[in-house]
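Enquirer: Combine the two chains into a complex, taking the hints into account.
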Amino acid sequence: MIVVFGVVLYPMGRTLVLSLVDATSALQTEFTFSGLSNYTALLSNSEFWATVWRTAVFTVFSTAVELVVGLLLAQFLNQRIRGQWFFRSLVVLAWALPTIVSANMWRWILHPEYGALNGLLMHLGLLDSYKDWIGGPTQALFVVALVDAWKTTPLVAILLLASMQTIGDDVYEAAAMDGAGAVRRFLSITIPMLKPAIAVVLVLRTIEAFKVFDIIYIMTRGGPDSGTTTIAFYTYLQAFSNQEFSLGSAAAYLTVLFIFVLSLVYLRMLRTDSGGTA
Amino acid sequence: MHSISRRRLLSLPLVLGAAAVLPGCAVSGPSRGSGGSSGPVTLNALFMKQASYSEDDIRGMLAAFRKAHPDITVQPTFVAYEALHDKIVISAPAGTYDVVLIDCIWPAELASKNMLLDVTDRYQQAWLDDILPGTLGSVTYKDRKYGMPWIPGGKLFFYNTRMLKDAGVDESAMATWDGVLEAARTLKAKKVVEHPLVWSWAHAEAMICDYAQLLGAFGGRFLDDAGKAAFHQGGGLQALEWMKRTLDEGLSAPSSTKLLEDDVKKVVVQGDAAIALNWDYMYSESNDPKQSKIVGELKPAVSPKGPGGQGPAVDGSMGLSVTATSKHPDAAWQLVAFLCGKENQLQYVERSLPVWDSAYEDPKLTGGAQAPLVAADKAQYGSLIERPQVVQYNAVSQEIQAGLQSCLVGGTPAAQALSDAAAKVNHIIGG
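From first to last, the protein sequence lines are chains A and B.
For the first sequence, position 270 (counting from the first letter as 1) is numbered 277 according to the working numbering, and the numbering increases by one without interruption.
For the second sequence, position 105 (counting from the first letter as 1) is numbered 172 according to the working numbering, and the numbering increases by one without interruption.
Don't take each hint at face value.
Unchecked claim - So, partial list: chain A residues that the calculated Cβ filter (under 8 Å) puts toward chain B:
1) 32
2) 34
3) 120
4) 143
5) 144
6) 146
7) 229
8) 232
9) 244
10) 248
11) 249
Please keep in mind that the hints were generated in silico from the structure rather than gathered at the bench.
Virtual Cβ for every residue (Gly too), placed ideally from N, Cα, C.
Bound conformation, chain B alone (with noise of 0.2 Å):
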């Protein structure tokens, strides 16, 4: 095998074209500025239109970065965020973006390619000492560090009071996922709502989430210690047949395998399903009368438990990274210490929770509208499942997200449906 370097491959399109024509259109590697901020600098951040902070209060919190550094401007990017990993790629080799926000699936990929800059050294000790365990694991590949959380969290479980209380259930039978598909033939049974649950399980990584939460519940694991697909067996297998039942029992709404969560989110507010996993920001929406029609019903808990005694949530933690290929490393560093700081962060505790430990000690988190919702994610921090922290995540994704929708869409036996998946999975891992 001949090795040829990038220059070399950029060129031979040239030959192969026309010699020389265009010789300055070469795409440059990784250049690295001087890294200082001296004199105004502009720098260009990547982040997601849906979810957690709104666009504006992301460019409520950059007019307060532009007050504090009057030097540094910041010109902001709003992407779904499905298209946000995507948009990291593409844009690297052009040096893009300065700043990015990305999934905790991605340190993995994104760290091992050389996208992002290693910050382990610019940490303080106070930060390490506050900011919520979990959470670090959005921004740490290999025991290093690219990036500071941002958003924390797992997906929380929420159930309408209101609709239980007509059905006659109690809610100590959301403790258990047996219990809540007691409760769901109740409130079905008892015709409070047609479809009691509902699910984001379009073919996307939404689903991976929710799946997630379950495998962990029924004690499976995505990869066992050696590497090698586990979510075929087990708990990961007793996950999806659970799932497939409630679709069968006309529990799940129908539509679940086509929604992302900003759907559930619609339906739950609307008061078409009594039960969800979604994100914190469904909690405050449902508090708003111009979008919910079930005000002061919705309830966030912790996930309730499978047979094993566990209940994780999946760790749907985000973080703030500096490129590699940013001209200005150190403004784009202020710019992220700037954002995930715990000042700025308890100005925007009603859109999400402060990365920050000591933060929720802060009135505004113990005494205000988030109250409940406080305690059940810091309940819900001790446990989170993570996702496969491997460099080909998404490829990974992919294979189980098929696995799983041809059970569920396609009518494929879920363990035929998973074993498919898993031989593909160990097929990407073992390269």
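Isolated chain A, as found in the complex (with noise of 0.2 Å):
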């Protein structure tokens, strides 16, 4: 209870107490009240909610391919195939590593100059001169969202193979009797009985692309001119690069109301998929 308290209520009502008076130095002595107009500064101000428009853009497009792709992923390690241990170590490589190796690993192969991809692109003709992956705003932001769904889409195929494995042979096997193909099978049962994970999924990973920090730090720092400055980012800015801190913690809360809004519409969603028990 104390270690929860030390690393989680006592920031969280620090950030809070922080938000509402006027912070602008690490080591400000005396501080003025200022109520809301921290929050007000905030929500009146056109960037901070080009950066929230940024963030929701990367939330639902990196956690939309995590979800596909894993869906997929978790349908093929569920079949009986020979090496499958080897299948499943390896999907779980890329969300065994920390993202920070993982976002440099990346920002070298995206590299304009020197990047892997545009070599091997190169070589096998498929390119005739070296790409700027990330040279445009828009386009950095979907890349930066692609980077982060490569990085989790195994959590996400875990565990929805976990559920998957769940899901009695029999109830595959009295369906294709009754004459379902596979890909029949697999949109009347297997989605359907997913549908819990699926949500679980869904909550856990918007909270996290919401947040997202460290792969834009590494990768873009918030450019191209302001692609990829979501609202974490944002908020790191406004904080330890400006000093800015009451700002900073204004933003930081307005994140998590806008991360507890979102988790409600997705518990909402949960209890009406298990008939209001959940």
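Expert: If you want it as structure tokens, here you go:
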């Protein structure tokens, strides 16, 4: 309990208080109560809303890719094939890498001058000159979201696989005897029975993706043209680069609020799916 | 408005959470120890990883310091330049570091927020007479000194003499930015190199350095006499238009908007560009056969002149400071004075030139492999341009970066991109 208080509750409380004063230095000793002015300053700032929009795009795209690819991957890993353990280990590898390692790796793979991807595509004759994969702001946001999806899809796949393995073979056999093909069985049996697991994955990944920071810090530092400045990166810039600790704290609390609302929506979905008993 | 003390601020979350469970966790404010260095002392010092002195160089310097001061142990920490400022700020309340490396754009912010020790009274007159005047700005705020300059200099202009020769371009063209533009067109037309120019125009401070150099050459200013944004008109605007033109004509490497100085160095030493701005260290690395394909081809020079006849280099000096929260300020100051001292700096002239004027008469500098660099640096020190010396520098810089990238990457017209940035900068400065 003491640990939870020390690493969760106290920092949360302190951040809340900071968001209500005028802290502009790490060594400040006197503070003036400023009410909700930091919140209103953010909510009336178009730049802040641009970061919210970018974060939403990042979250939806990255989570959607993770869910679709993760589902297909889980289906593949659920097959009785030779060397199944090898494929499962291989899939987990990407997720097991620390984010700082995978982000740096992708930064170099995508590097406009020395990137391995450019080298490979040139070698295969698919490119005639090096391409800047994160050259434009929108392009960069989607590429970074794909890197996030690459990193996290294995987790999604493993979670869905665990749930998939609880579906009995007899259900599929009965459907097959009724003439249902593989696609029909997947759509009519697998997907509906995975709904609770999918809902859990959606909640977890949406929250995580909404808070994305490390991949952006390493790969793009918010650029180009602010195209990857998400709400977490914006919060970091305000709090630590600019020493606008109060503004940063308010941005952090608004992030919590957004995530809270999203979580409520998902919980509502969960409740509906389980007949109001969840 | 109610005034709240730090103590109350710290205690509020406790009340909000669970009262009195962690009273000892409050972060204390700046505390000053006795300052004495009697007895064994351990200092923590924060340096940067890249450019100028290497980690090995600094460890060598610290070993020499330990030999001279056996009672003082120094624990160095190395971070990327991009993380240096934030590390200083975040560690300040805990008083983690005794000595920190600071960039010339931070004294206003860090000193005004009482994060650095005022060492004005520790300066000797002989130092003030000998330290290159341009470098003192890296540790000065409101006429007070908050450290000692350690790494001098402006961003130099480099060009590949072999490539110019292959294209039939006379080196005299490198004297002006107009000449550089024409030379780049010739280099491209004659297919000597696909993109003759390469820049560090990533969404980072590096871009501000390049822009400052061009802004100064075109006769612009970041701020006017009243402290308001002035970069969106005159020379500041012309500089951005010039930058955009080089991208549109394919003269600048398109990847420039993604590169930092270290990337620029790699492009240049691989022979993939002919002309670039960079810090001194690119010169020695261009002559290292282990990593360079252009050994002996790169020439350092003063920054080209713009239409107004000015050719300033952006001031990129860095200094070492004692933190205000250091419990051993005297020992920390001894370390700073040692590292910044002429004798120490003369041991590492291949990595960074000294901040001492008299050191430039030393045979290591006048006759060594660094002689061309020394000559260019000495000539350039007389013409440096400062980035805005304001307390909110980082926020200001971020807005200018966003404005520049909005034009170079996003395609917003230069005038509009800079006007938008200027409005935001004025808002920040005006509070």
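Enquirer: A separate judgement is required for each hint: does it hold in the structure or not?
Expert: Here's how the hints hold up against the structure:
1. Contact between residue 32 of chain A and chain B, as hinted, is supported at the beta carbon level, the nearest pair being about 4 Å apart and thus within 8 Å.
2. At a threshold of 8 Å, the smallest CB-CB gap from residue 34 of chain A to chain B is about 5 Å, leaving the interface hint in force.
3. Given the 8 Å rule on beta carbons, the hint for residue 120 of chain A holds: about 5 Å separates it from the nearest Cβ of chain B.
4. Look at residue 143 of chain A: its Cβ gets to within about 6 Å of chain B, closer than 8 Å, so that hint holds up.
5. Restraint check, residue 144 of chain A versus chain B: the minimum CB separation of about 6 Å is within 8 Å; hint holds.
6. Given the 8 Å rule on beta carbons, the hint for residue 146 of chain A is violated: about 10 Å separates it from the nearest Cβ of chain B.
7. Satisfaction of the interface hint for residue 229 of chain A is found here, the shortest Cβ-Cβ separation to chain B being roughly 6 Å, below the 8 Å cut-off.
8. Hint status for residue 232 of chain A relative to chain B: holds, with the closest Cβ pair at about 4 Å, below 8 Å.
9. The criterion of a C-beta within 8 Å of any C-beta in chain B is met by residue 244 of chain A, whose closest approach is roughly 6 Å, and the hint holds.
10. Proximity of residue 248 of chain A to chain B holds as hinted, the smallest CB-CB distance being about 5 Å (cut-off 8 Å).
11. The interface hint given for residue 249 of chain A holds, since its Cβ lies 4 Å from the closest Cβ of chain B, which is under the 8 Å cut-off.
In the structure shown, a violation is registered for the earlier hint numbered 6 alone.
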